[in-house]
Amino acid sequence: MDLRLPIGLLFLIFGLLLTALGASTPPTFYAKSLGIDINLVWGVVMTVFGGTFFALSLYANRCTKSETQVNCEKSGSSVDDKAVEEERVAL
Amino acid sequence: MPNIQLTQIDYVFLVIYLIFVVGIGVALKGRVKTSTDFFLSGRRIPAWITGLAFLSANLGAQEVIGMGASGAKYGIATAHFYWVGAIPAMAFVGIFMMPFYYGSRARSVPEYLRLRFDEKTRAFNAFSFAIMTIFSSGISLYAMSLLLQLLLGWSFAVSMLVSAGIVLAYIFLGGLTSAIYNEVLQFFLIVFGFVPLVLLGLKAVGGWEGLQSRLAVAATMRGYSPDALTHSWSVLGTTNNPMGVDWFSLTMGLGFVLSFGYWCTDFLVVQRAMAAENMTAARRTPLIAAVPKMLFPFLVILPGMIAMALTATHSAGFALPLKSDGTYNFDLAAPLMLARFYPSGLLGVGLTALLASFMSGMAGNVTAFNTVFTVDIYESYLKPGQSDAHYLKVGKIATVFGIAASILAAYVAAKFNNIMDLLQLVFAFVNAPLFATFLLGMFWKRTTANGAFFGLLLGTVAAAIHHGLTCPAGATSLIKGGWLGHILHVYPSEMAQNFWTAIFAWLACFVSTVTISLFTKRSQTDDELQGLVYALTPKPVEDVIWWKRPLWVGVAVTVAAVILNVVFR
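Protein sequence lines correspond, in order, to chains A and B.
Positions 1 to 91 (the working numbering) are the ones given, in order, by the first sequence.
Positions 1 to 569 (the working numbering) are the ones given, in order, by the second sequence.
For the record, the hints were derived by calculation from the structure and aren't laboratory data.
Treat the hints with care, since some could be wrong.
[Claimed, not checked] Sample of chain B residues lacking proximity to chain A, with all beta carbon distances greater than 10 Å (derived):
#1 20
#2 96
#3 161
#4 184
#5 204
#6 220
#7 233
#8 312
#9 446
#10 488
#11 492
#12 553
[To be verified] Label-pair ranges, simulated between beta-carbon atoms:
#13 A:44 / B:11: 36 to 46 Å
#14 A:29 / B:195: 19 to 29 Å
#15 A:51 / B:161: 28 to 38 Å
#16 A:27 / B:411: 42 to 52 Å
Ideal placement from N, C-alpha and C gives every residue a C-beta, glycine not left out.
Please model the complete structure; the sequences and the hints are all you need to start from.
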């Protein structure tokens, strides 16, 4: 499992929730945060971050089919079954 | 009692996060087939993940809450823990020590000691580490449950059992990989949970200038020079500053002994680097961690400083509460800042971030414990020669046992509230001399097993003696020191006493290890020490462009830390 998947998904969900909250609450709600609708602002930031990671996790691990074989691009973010290379210190 | 009002939406964030945490454990269950999978993630993790996990495992409750408290109490000088303490040590362990940790194929720090020295040295380290790590985990659990009870009115027992249960679930299912994945998730959560606080807080005080002028009021109120809380070096000429330390004890005690002792020998963090997919990744791990580590002061220390600034100038309707003895309750700085500036919604995120930091600290200790217990205690002394499947099962049982023991330790901490001071002490006693042992072991092939073992012992004893003969100013209980009857020296602060204990412990261990080694026989030949000692190990071949090599990345990171020190002097 690519780690960027759960990270992206969590932040996407959090971000969307916060954005929705920020958009649906009145400005008086934000006296605490110095008048800034911080839920909306930060919600958008988190959604963008989450979306980027999520997209990266899907894109980097995509499989493309050619005529003779299926090529799967491996990203550097998963602990999937790759051959365990014993990289010894060059002795 | 201060109280934070959570609404339903805040709880929604919390619940979603907890589902993800356990879900990661469930998703990784299928990958835990061997004991190496469980204890070391099969040594397959990419560097960016091990790097962030390296940092996050260290980021316990003590960090987020503690640094906020220290920021309020000591100002920007708290950044010394990062810019003088952590960064050089992280660069050092990545460049110079990882080749031995990773190259020796040791499964734990104590196991490296067995390979390099002998069984008794391994045993000393394994047992002291196992005990320390359970207490650390328990204290983390206790501190968190106490905070939740204080702030939210949650039942102490319920918070403890629920958090312990969740950590148990995801480690039991997915082993170290699960812990590492969750640590990286926790890292991002902590960043996103606290950045808005820094932004809002800075706006409330009027930027860095506003912060400086307000903290000048706070500093003079407490009897220091006006810039004492916003300068990290210029006040260290004497010990008349909030920390009560001078530049020498700071650089030698904190910068050298304590930091290097922790980052270079504590299996909690080293384990994450050992799980890396190859040698280069292992060496890069601490270096990758060093970059966000450098920026963390702005995330965790600033809110504390802002809290003090607002309190001192009676602004924004914020004030640090007082404890029953009239001093400020600094520990509440960070959580109360969250409560002051975050509306419902973001508050849920902030609180989840806080909880995440507690859990990552606890999980780190538990994975380190279950590995050291199974590999260094069970397999070495109780039941050697069993199948891998057997040790995998033992590892899982050790996880359950570790969590149960942590809960017990948490109750002990609740009963004796000086337990946290005790743990700080134990760290200085154990980690400080250990660093001397490793330094000599890795870089001087003449170090013998007897030298290492007795040097370690003498270093620990020296720490205890120093502590028994000195005490910090205004100490009221024997746990602070001076319990050997006669007090030779009074330090201006506990921190100063701690730093000097570490310095003496290190010196005692270093000198006695060298001396005893020169008088005892070597237990291994040069051949047996290949890959374990600097002079007998070929340099790792780095086939990347020069500026990507660990040495130069380490240099860059150290230079950046120096620049930060200069800017905030």
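Hints, one by one, checked against the model:
{"no.": "1", "hint": "20", "result": "violated, 5 Å"}
{"no.": "2", "hint": "96", "result": "holds, 13 Å"}
{"no.": "3", "hint": "161", "result": "holds, 24 Å"}
{"no.": "4", "hint": "184", "result": "violated, 6 Å"}
{"no.": "5", "hint": "204", "result": "violated, 6 Å"}
{"no.": "6", "hint": "220", "result": "holds, 27 Å"}
{"no.": "7", "hint": "233", "result": "holds, 33 Å"}
{"no.": "8", "hint": "312", "result": "holds, 19 Å"}
{"no.": "9", "hint": "446", "result": "holds, 22 Å"}
{"no.": "10", "hint": "488", "result": "holds, 47 Å"}
{"no.": "11", "hint": "492", "result": "holds, 39 Å"}
{"no.": "12", "hint": "553", "result": "holds, 17 Å"}
{"no.": "13", "hint": "A:44 / B:11: 36 to 46 Å", "result": "violated, 23 Å"}
{"no.": "14", "hint": "A:29 / B:195: 19 to 29 Å", "result": "holds, 21 Å"}
{"no.": "15", "hint": "A:51 / B:161: 28 to 38 Å", "result": "holds, 36 Å"}
{"no.": "16", "hint": "A:27 / B:411: 42 to 52 Å", "result": "holds, 47 Å"}
Comparing the model with each earlier hint shows violations of hints 1, 4, 5 and 13; every other hint is respected.
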